[in-house]
Amino acid sequence: MIGPARRLVVLLALTLLIFAVCAPVVHARTVTDSVGRRVEVPDTITRVFAAGPPAGIFLYVVAPEKMIGWGRAPRDIDKPFLQPMVRDLPELGRLTGRGDTISAERLMAAKPDLIIDLGSVNETYRSIADRIQAQTGIPYVLIDGRFENTPAAIRLLAQILGVSARGEELAKASEAIFAEVDRVVATVPEASRPRIYLARGNDGFETGSRGSINTEIIERVGAVNVVEGIREAGGLARVSPEHVIGWAPDTIITIDPAVRDLIMSRPEWQPVPAVRNKRVFLLPNQPFGTIDLPPSLNRLIGLPLLLHALYPAQATSDLKTELRDFYRLFYQVDVQDADLDRLLEGLRR
Amino acid sequence: MCRTPISTGSSKGFVAEVPILRVTPVVAGLAILLLVVAVIAAGIGPYRIAPGDVVAAIVAWIAGGHVDGQIAAVLFQVRLPRIAAAICVGAALSAAGAAYQSLFRNPLVSPDILGVSQGAGFGAVIGILFGLPVVMIEALGFVTGSLMVILVVTLAWSLRQRGDILMLVLSGIVVGALAAAAISLVKIVADPYAQLPMITYWLLGSLASIRPDDIAVVAPTVAVGMIPLFLLRWRISVLSCGDDDARALGVDVRRTRQIVIVAATLITASVVAISGIIGWVGLMVPHLARLLVGPRFDRLLPVSILIGAAFMVVVDTIARTAATIEIPIGVLTALVGGGLFVWLMTRRGSRSLWRRE
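Listed in order, the protein sequences are those of chains F and B.
So for the first sequence, our numbering puts the first residue at 1; every next one is plus one.
So for the second sequence, our numbering puts the first residue at 1001; every next one is plus one.
The hints are simulated quantities; they were obtained by calculation from the structure and are not laboratory data.
Glycine included, each C-beta is placed from N, C-alpha and C at the ideal position.
Treat the hints with care, since some could be wrong.
As the list claims (entries may be wrong) - If the Cβ cut is set under 8 Å, some of the chain B residues that face chain F in the computed set are:
| no. | residue |
| --- | --- |
| 1 | G1045 |
| 2 | P1046 |
| 3 | Y1047 |
| 4 | V1074 |
| 5 | Q1077 |
| 6 | R1079 |
| 7 | I1128 |
| 8 | G1131 |
| 9 | P1133 |
| 10 | V1134 |
| 11 | A1180 |
| 12 | I1188 |
| 13 | P1197 |
| 14 | E1326 |
Claimed, not checked - Pair by pair, the computed Cβ-Cβ distance ranges are:
| no. | chain 1 | residue 1 | chain 2 | residue 2 | range |
| --- | --- | --- | --- | --- | --- |
| 15 | F | P64 | B | P1220 | 53 to 61 Å |
| 16 | F | R131 | B | L1170 | 39 to 47 Å |
| 17 | B | L1335 | F | A109 | 40 to 48 Å |
As the list claims (entries may be wrong) - Below, in silico cross-link-like pairs of lysine-lysine (BS3-like), each with a Cα-Cα straight-line distance of 30 Å or less:
| no. | chain 1 | residue 1 | chain 2 | residue 2 |
| --- | --- | --- | --- | --- |
| 18 | F | K172 | F | K79 |
| 19 | B | K1187 | F | K79 |
| 20 | F | K111 | B | K1187 |
| 21 | F | K172 | F | K320 |
| 22 | F | K320 | F | K79 |
| 23 | F | K111 | F | K79 |
With the hints as extra help, turn the sequences into a complete structure.
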């Protein structure tokens, strides 16, 4: 006969044994994010929450099947350019530290295996990541979102999500895009590189000053952003028509058709050299803006588009094919010929 | 002031017997000041134009000749409309502020006391949220700003305290706070990369994207709104002595108050619709004016208008030239206005301007 005490010990041992057997089922591994935080993540990640629109686009590109929602739901006109499985995912909101539009509780209710954020990697964002991870128990990784870092960011995210093969393919493709930009820009003498104004906002007088994340793409294609910020560069600004006339940009870029119409028609824009010479380029914004809005991986296709608009003699690739391939590889959608023409329409002078 | 007999004789003669505007030395001086400030401002800007070219272009334009080229575009499409807008905005906010301060007999009242600015702000941010064209955003701002005042007045009336100033002010505060909350809600749902910056800039106020068309709409509206204030300036003076005194002097208190509210709302809503929310001017300028000519509304009104216009031209010139980017004008008016206000308060004797002798 075994006494009650011994029975209890056996029961405990059995329980421990069961736990010991079961525990390895939820395998865990440790990954290191862009700020050096070591985060323990599940072996297989199937549900990912993106903290903001830039991260959302990365997630969509790298592993759309793991998305559980959007920071901002896509507009109806964008849906044909997105894979069916993500078109109607709910809008969950964003996590930015202050001014969040999703609560910790709702976030936990959505049961993500992982939260990713992509963008600035300063102490503020690190502490937000630490805090939310501690509060919700959901692993949170922070990825450096600088444009130059795109291939590395793709690789890191793909490795964390366990889709390294796709990540490698995408990273190679983005490296090729950057390399082609560098090749073309190198052939253009400094003097003949354009001076560009980016027209944002619904009247075109909102813009990003030199060094801002919103206009990064201008400098990346070797052009000059005519908007110089106040001492510390960066950030969005409102400017007046007088400024724009004074800067005399020879090229204007926008992703808003209405803004392009305003620029072409209103008298205050007419003295601007870019308008007189009809160098006002409308870049596509479907499904995402190719200049910014948000500043994310979508800017990769903005590079070849700008390259062809700015340096038509030097850019030799077939733009239409390039655009089609980009949408196929990154967004995993096949764009019809007519739609491709429509996306490229605004680049014609 | 209120012991001073009002000099118009007959009880119905408040309007007819005095000229619309008596040109005193102060008024004349301020008018000249405004003109000088405007001319100087026309020569200053990020796009450099030699003073001679400014004069030449304006002379040619007045002579009816067609002026062409970049200089003309900067002057006539951008800079002069902007100066005109600054004059309209400054004049309108100051006039409305002076009218409300006299009407409510309260020195802390500003043109948006009845929720005009918050209401217009709500309409405008909704317009931005739905990506409407700028004209529609302005129109929406004007409409919701006016609706907000109607709502406030209706609320105050329905509380069975007809014409009670306190009820009006309280209703204004409540409804204004609701509108502010609604604005915050819109900011939360707005696209943080596309719409939120636009909303933020609008709420800080700016004259950066003023176009000649805007002036063509706003200037007449402001002018129309000013007319009742000028015509009723005696009654408003009397009202500032208190309802009982005013009634004793034969003023229809309720009617006068209604007209003033409608007029002040009209001019405030129309300028806020094009400029965004610009604080402090309507609060501070009437105090400055009172320092010059005392509290009588008939003297206060023209002086407030001229000071407000000149002040706004100066502030907007700073806004468009001090830094490479536009400084939101609401930020500047708060800085300058707040500072001036403190200075006004520390002046000895400034209290006596409000003391009823």
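Evaluated hints:
{"no.": "1", "hint": "G1045", "verdict": "holds, 5 Å"}
{"no.": "2", "hint": "P1046", "verdict": "holds, 5 Å"}
{"no.": "3", "hint": "Y1047", "verdict": "holds, 4 Å"}
{"no.": "4", "hint": "V1074", "verdict": "holds, 6 Å"}
{"no.": "5", "hint": "Q1077", "verdict": "holds, 4 Å"}
{"no.": "6", "hint": "R1079", "verdict": "holds, 6 Å"}
{"no.": "7", "hint": "I1128", "verdict": "holds, 7 Å"}
{"no.": "8", "hint": "G1131", "verdict": "holds, 6 Å"}
{"no.": "9", "hint": "P1133", "verdict": "holds, 7 Å"}
{"no.": "10", "hint": "V1134", "verdict": "holds, 5 Å"}
{"no.": "11", "hint": "A1180", "verdict": "violated, 16 Å"}
{"no.": "12", "hint": "I1188", "verdict": "holds, 6 Å"}
{"no.": "13", "hint": "P1197", "verdict": "holds, 5 Å"}
{"no.": "14", "hint": "E1326", "verdict": "holds, 5 Å"}
{"no.": "15", "hint": "F:P64 <-> B:P1220: 53 to 61 Å", "verdict": "holds, 55 Å"}
{"no.": "16", "hint": "F:R131 <-> B:L1170: 39 to 47 Å", "verdict": "holds, 41 Å"}
{"no.": "17", "hint": "B:L1335 <-> F:A109: 40 to 48 Å", "verdict": "holds, 45 Å"}
{"no.": "18", "hint": "F:K172 <-> F:K79", "verdict": "holds, 27 Å"}
{"no.": "19", "hint": "B:K1187 <-> F:K79", "verdict": "holds, 24 Å"}
{"no.": "20", "hint": "F:K111 <-> B:K1187", "verdict": "holds, 27 Å"}
{"no.": "21", "hint": "F:K172 <-> F:K320", "verdict": "holds, 20 Å"}
{"no.": "22", "hint": "F:K320 <-> F:K79", "verdict": "holds, 21 Å"}
{"no.": "23", "hint": "F:K111 <-> F:K79", "verdict": "holds, 25 Å"}
When each numbered hint is compared with the structure, a violation occurs for hint 11 only.
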